[in-house]
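Novice: So you can see what is in the structure, the chains are spelled out below.
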Amino acid sequence: MNLVFYVLAGLTVLGGLAAVLLKNTVHCALALTVAFAGLALLFLELDAQFAGFAQILVYIGAVAILVVFAILLTRGSETPEDGVFSHTWLAGLAVAAAVFAVLGWAVIQSAPALTHESAAPVVTVNQIGNALLGRYVLPLEIVALLLTAALVGAVIVAMHEKEETK
Amino acid sequence: MEEGLKIELGKQGVFVTTIEELYNWGRKNSVWPMQFGLACCAIEMIATTMARYDLARFGAEVFRPSPRQADLMIISGTVTKKMAPQVVRLYNQMAEPRYVIAMGACAISGGPFKQGYNVLKGIDRYIPVDVHIPGCPPRPEALLQAFMTLQKKIEEQPLTGEGRPRHLDAEAQGEFPVPVQGEHDLEPTSNKLVWPLPVVIR
Amino acid sequence: MVSTLDQIFVLLKHWLVGLLPSVLQPAAGVLLSVVAIVCVFPALFALTVLLERKGLGRMQNRLGPNRVGPFGILQPIADAIKSLTKEDIVPLRADALIHFLAPLVLVVAVFLEFAVVPMGRNMVLVDMDASLLFFFSIGASTELSVFMAGWSSRNKYSLMGAMRAVAQMISYEVPLLMSSVAVVMITGSLSLVKIVEAQNQYTYGLPHWNIFTPWGCAGFVMFAIAATAETNRSPFDLPEGESELVAGYFTEYSGFKFALFFLGEYLGMFSISGLGTALFLGGWSAPFSFLWWVPSWIWFFGKVMLSICVLIWVRGTLPRLRQDQLMNFAWKFVLPMTLLNLVDVALWRFLGEGWLRWVVCSAVMLVAYVAAALTGLRRDHIGPRSYRYAE
Amino acid sequence: MLGEGILKGLAETARNAVGSFVSKDRLTTVEYPEERLPLPEASRNFPFLVYDGTDWEKGLRCVACQICEKECPPKCIYIDKSKDKKPDAFGRPQIYPAKFDIDISVCMSCQICVEVCPFEAIKMDTQYELSTDDRFGGLLLDRKELAKSNEYYHQIHPTEASEVDAKLAAEKVKADAKAKAAAGAAAAKAAAAAAAPKPAEAAAKPVVLADAPAAKPQGEGD
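Residue numbers (this note's numbering), protein chains in the order written: chain U, 274 to 439; chain R, 97 to 298; chain C, 869 to 1259; chain S, 15 to 236.
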């Protein structure tokens, strides 16, 4: 817990808040990338290089761009006239609270939080690779399968639409 | 600085320059034209950039497609009344310092179509033109010479006082009114500030 | 003497840092390296712009800039003075903050990329375990700046240019990563320093550069194609295709900000050339073992400049692709080939030393290439397309 | 084979780039202000007025007949006829252009003025370095700026100029013969009229006219 942590945490929280509170959806998406970047920097601060860079590569390089594309393709980049709050904001709040509760519970219950271990061991990329293709190969493959299925599904949806327009 | 002292220092191996000279040297040697052609003169303009004449030797082959990044507008060809508002708008979109070369008879005065109902009688009715090249169309060398004329003009511009460039003059007009298609003609028919109706004494 | 010359910059830095009190030393060391990068590469940018303009001129049977200073060498300085003093226009409807941030994000990101590129023996700003990953993650955030520029300008051309640019960069990032992964598989490390050191060995005086292996050669070609597309260079310069999009995502930028975009583009070219050099061309290692005495940084910058010259050459030769050709090329040719290259590199690794792996690996890539030539990429695939007009 | 065309293209540009250092054929640039392309003889830009002899004002061939002004499609020629007559290069008294302006900002180099001129007085110039920042003063050429000597005409269009000179000489010979005949006739008439003194005054004029060119027969044709 030092100054760097507080700065990065502040950046992340501010980014997240801006992502929720700003009116213009593209601004929201860009604020979200700031939050992602803050998160990635937090990982780096914790000496978790792989996680940090993967966070940047995947979230800023892919997810943020995807979000932005989605906003542009759905003409969401114009600021709506009648406010940005959904009518079902109460439900949204409930879902957010539930997710937060689950995550918080998981964090509190996790071993490091309980045992107050002093320093995390330095994990090299090599070790992560070995672990992913050794002990955790089954979850990895399942996730890969899921993504492939999603990809195939997207292709099918796109092809279907094309036929309709013909 | 005095010219004599400067030459003397130059002989001693001390080269002095002023901000004004440096600035004028920079903008004179990096005039990027805008990439657009209007009519037949554009063909000569293209020929000027090609191997035989090679406008690139002056550092001006960087034809920028966006008016924001261009310095020089070569009005190469007939400006029809339909096109005039667009030309003026493009000129407005250019960033200062900006220059205009009116290439060929049509751009200067309407040329052979002067009496036509559909052709603007010279683009300098709406925007200030720095160099005019007569010809129908002018040879590529004529464009090169006009380019050098423009460079000379830039070089001699003082940055302060009388005759300073428009972008350093707080009172100068920055945006020029874009004419619109009226019932019979473009309205207004000319920008009075850049086109004081000339009196020709023969 | 030879090693002093090789390490001259490192020694210089140590000497300069040593002059300071020990409290300031770590910060000063980093600062010095950063300053070096921030000075050297923009200077290289000026040189490259001149080289490109003159080289393109020569390829088109003309002279190129030769009037500003002797042989036109002052041309970049004149351009710099002009660009930096030109009026800065921000469109009225533009999103001023994002419009302002976009070029900064691009330039900062591109400068960050240089942090992990080894420019000579012991000459790397940050030697970390995952430096390749760092490079790509930073490279991915340049896409964001392109999007910011395009969106914030409130110009249809800018936005379309940005969409194109982002689509193109995402499409080509996949083969770029995949072709780099091949090298990682052989070296067993994501660290660029280790990758270069692994290539700095010689057999019969010839180096063990990755490009001199069947998979490395194929991988390098794929990497070069993807890198050209990633830096929006011709023939993949659709995002700024002036014939259709004015100037793409930086249509609305003028003066200093445009100069920053220009700088960012060229710096991106340098950094990706540096990466390609480190991955496939042996980084700072000498091409023959008897040339060991030439300083390592000369080899690195020589190789980078050579790649830049090839990029200029390609720009002077090839016309621009069409958007669908571009996408087809990425997804139907480059990506499958890089995936196959991964298989190839695995074969190379597990066949062990000997002539067998040379034959097998070459055969795999050659067969794939011939097959692609005969089937996948024939004219009817990259060719006229049927248009569907909006009703 | 896939990629063959790319390699061919690369080879061609490489050949150009390397060749530009060794072969003049692959570096076609003519560095304009220092070197110039030779202009083809038929090249033309704007009209000029030819004068004979050395004094431009005296030697102008133009007699202000205003045919060119009328024929000019974009109407870029403006001529004021003189009120008086001055002797031309041959000494004949002629009406001369008091004002002869060509607005080269309008001129479209069509050469119609040259074709219609019966006196070979207006010809096409090849001068093209005319760009100026002066919209009116610089682009409105007056009599003085337009007048160029016959030698200059020979320089820029040698073949055409010789033809014109030959034609003029032939015309002159014809005119001389005619004048001589007229003079002879006049002399005869005068002789005849000597008896009747009344029409003598009327005949005096043509004599003067015919005599003048005869007095300096080698006056032009150089």
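Because the hints were derived from the structure by calculation, they are not lab data.
Some hints here could point you the wrong way.
To be verified - The list that follows gives simulated cross-link-like pairs (lysine to any residue, SDA-like), each with its CA atoms no further than 20 Å apart: (1) C:K1200 with S:E18; (2) R:K217 with S:P88; (3) C:K1024 with U:L345; (4) S:K22 with C:V898; (5) R:K217 with S:L154; (6) U:K296 with C:R1022; (7) S:K38 with S:A28; (8) R:K217 with S:G152; (9) R:K248 with S:G152; (10) S:K22 with C:V1178; (11) R:K248 with S:L41; (12) S:K22 with C:P1187; (13) C:K1062 with U:G402; (14) R:K288 with S:D148; (15) C:K1024 with C:V1042; (16) C:K1200 with S:G17; (17) C:K1200 with U:L345; (18) S:K38 with R:T145; (19) C:K1024 with U:A343; (20) R:K249 with S:G152; (21) S:K100 with S:F133; (22) S:K22 with C:R1188; (23) R:K217 with S:D148; (24) C:K1062 with U:L345; (25) S:K89 with R:G212; (26) S:K22 with C:V1238; (27) C:K1200 with S:G152.
Novice: None of the hints should be skipped; say for each whether it holds.
Specialist: Outcome of the hint check:
no.	hint	in the structure
1	C:K1200 with S:E18	holds (19 Å)
2	R:K217 with S:P88	holds (12 Å)
3	C:K1024 with U:L345	holds (12 Å)
4	S:K22 with C:V898	violated (47 Å)
5	R:K217 with S:L154	holds (16 Å)
6	U:K296 with C:R1022	holds (17 Å)
7	S:K38 with S:A28	holds (16 Å)
8	R:K217 with S:G152	holds (18 Å)
9	R:K248 with S:G152	holds (16 Å)
10	S:K22 with C:V1178	holds (15 Å)
11	R:K248 with S:L41	violated (28 Å)
12	S:K22 with C:P1187	holds (14 Å)
13	C:K1062 with U:G402	holds (17 Å)
14	R:K288 with S:D148	holds (18 Å)
15	C:K1024 with C:V1042	violated (28 Å)
16	C:K1200 with S:G17	holds (15 Å)
17	C:K1200 with U:L345	violated (26 Å)
18	S:K38 with R:T145	holds (19 Å)
19	C:K1024 with U:A343	holds (17 Å)
20	R:K249 with S:G152	holds (15 Å)
21	S:K100 with S:F133	holds (16 Å)
22	S:K22 with C:R1188	holds (17 Å)
23	R:K217 with S:D148	holds (17 Å)
24	C:K1062 with U:L345	violated (42 Å)
25	S:K89 with R:G212	holds (13 Å)
26	S:K22 with C:V1238	holds (19 Å)
27	C:K1200 with S:G152	violated (62 Å)
In summary, the numbered hints that this structure violates are 4, 11, 15, 17, 24, 27.
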